[in-house]
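K.L.:
Chains as they are written, first to last, in our numbering: chain A, 1 to 142; chain B, 1 to 82.
Everything labelled a hint here was simulated from the structure, so no lab data went into it. Computed from a predicted structure; not experimentally measured. One or more hints might be untrue.
[Said to hold, decoys possible] Think about it this way: if two alpha-carbon atoms lie no more than 30 Å apart in a straight line, the pair counts; the simulated BS3-like pairs of lysine-lysine are:
{"no.": "1", "chain 1": "A", "residue 1": "Lys89", "chain 2": "B", "residue 2": "Lys35"}
{"no.": "2", "chain 1": "B", "residue 1": "Lys35", "chain 2": "B", "residue 2": "Lys8"}
{"no.": "3", "chain 1": "A", "residue 1": "Lys29", "chain 2": "A", "residue 2": "Lys89"}
{"no.": "4", "chain 1": "A", "residue 1": "Lys29", "chain 2": "B", "residue 2": "Lys63"}
[Stated by the list, open to error] Some chain B residues well away from chain A (every beta-carbon gap over 12 Å; in silico):
{"no.": "5", "residue": "Arg20"}
{"no.": "6", "residue": "Arg23"}
{"no.": "7", "residue": "Glu27"}
{"no.": "8", "residue": "His28"}
{"no.": "9", "residue": "Leu30"}
{"no.": "10", "residue": "Ser31"}
{"no.": "11", "residue": "Leu62"}
{"no.": "12", "residue": "Gly69"}
Each residue gets a CB set at the ideal place from its N, CA and C atoms; glycine is no exception.
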Amino acid sequence: MTTPRPTLRIHRHFDASAERVFDAWLDPKTAGRWLFATPNGTMLRVDIDARVGGTFCVVRRDGDDVEHVGTYEVIDRPRRLVFTFGVPKFSSETTRVTVDIVSAGGGCDLTLTHENVLPDWAERTKEGWTGIVDGLAKSLAE
Amino acid sequence: MSLNSVSKHIRILERARLVRRRRVGREHLLSIDPKPLDEAARWIETQRASWNAQLDALDALLKADDVAGRRKPKKRRRGHDR
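Model the full assembly from the supplied sequences, consistent with the hints where possible.
P.N.:
Okay, here's the thing in structure tokens:
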């Protein structure tokens, strides 16, 4: 049984086309300017193997060096990008990010879904805290 | 709902540190500790802020590239090709 995990969802409109927004995630030069970037950080490394099963590794220095790694699961330009995402320094678990892009009003609407956004928490509680709520709801329905 | 399943769920809540148990004689006194939920909410907010900042940066750089004229936005004619 898979336990539902806490999910974070963000909607955003861009004036740029769906293609440009999509490519910004996978082109190392563009991605290095914003993806996993912080205002005061510098990018040390942006490796992107943009194919299904390919991996990425983005290392940012902002005080410490923080490595962001993952594997591409879906690359459907310019509609959908799915990749696993982890920061080994903070957690051994990986999360999953889905980016959906739809053309809208001359630009595009982007929906970012970050699944399992609380990996440590879920690990700690084993069943996961959404599992708790689920189990409770099921029992109450009995 | 059976007593059994109530105590099962309470054990899960205890493991998640959301419920604390204190024994007084034969009685078990349970209290709720919402702090872990606050921590979880804070973590999610941190993640949200981080993604929002990144998407802000992406939006800004795409606009800056437009201004720089490297990729001037073209008025696209739509209609007949969709």
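K.L.:
Determine for every hint whether it applies to the structure shown.
P.N.:
So, going through the hints one by one against the coordinates:
no.: 1; hint: Lys89(A) to Lys35(B); verdict: holds (25 Å)
no.: 2; hint: Lys35(B) to Lys8(B); verdict: holds (21 Å)
no.: 3; hint: Lys29(A) to Lys89(A); verdict: holds (24 Å)
no.: 4; hint: Lys29(A) to Lys63(B); verdict: holds (16 Å)
no.: 5; hint: Arg20; verdict: holds (15 Å)
no.: 6; hint: Arg23; verdict: holds (23 Å)
no.: 7; hint: Glu27; verdict: holds (23 Å)
no.: 8; hint: His28; verdict: holds (19 Å)
no.: 9; hint: Leu30; verdict: holds (15 Å)
no.: 10; hint: Ser31; verdict: holds (17 Å)
no.: 11; hint: Leu62; verdict: violated (4 Å)
no.: 12; hint: Gly69; verdict: holds (15 Å)
Hint violations for this structure: number 11 only, all remaining hints satisfied.
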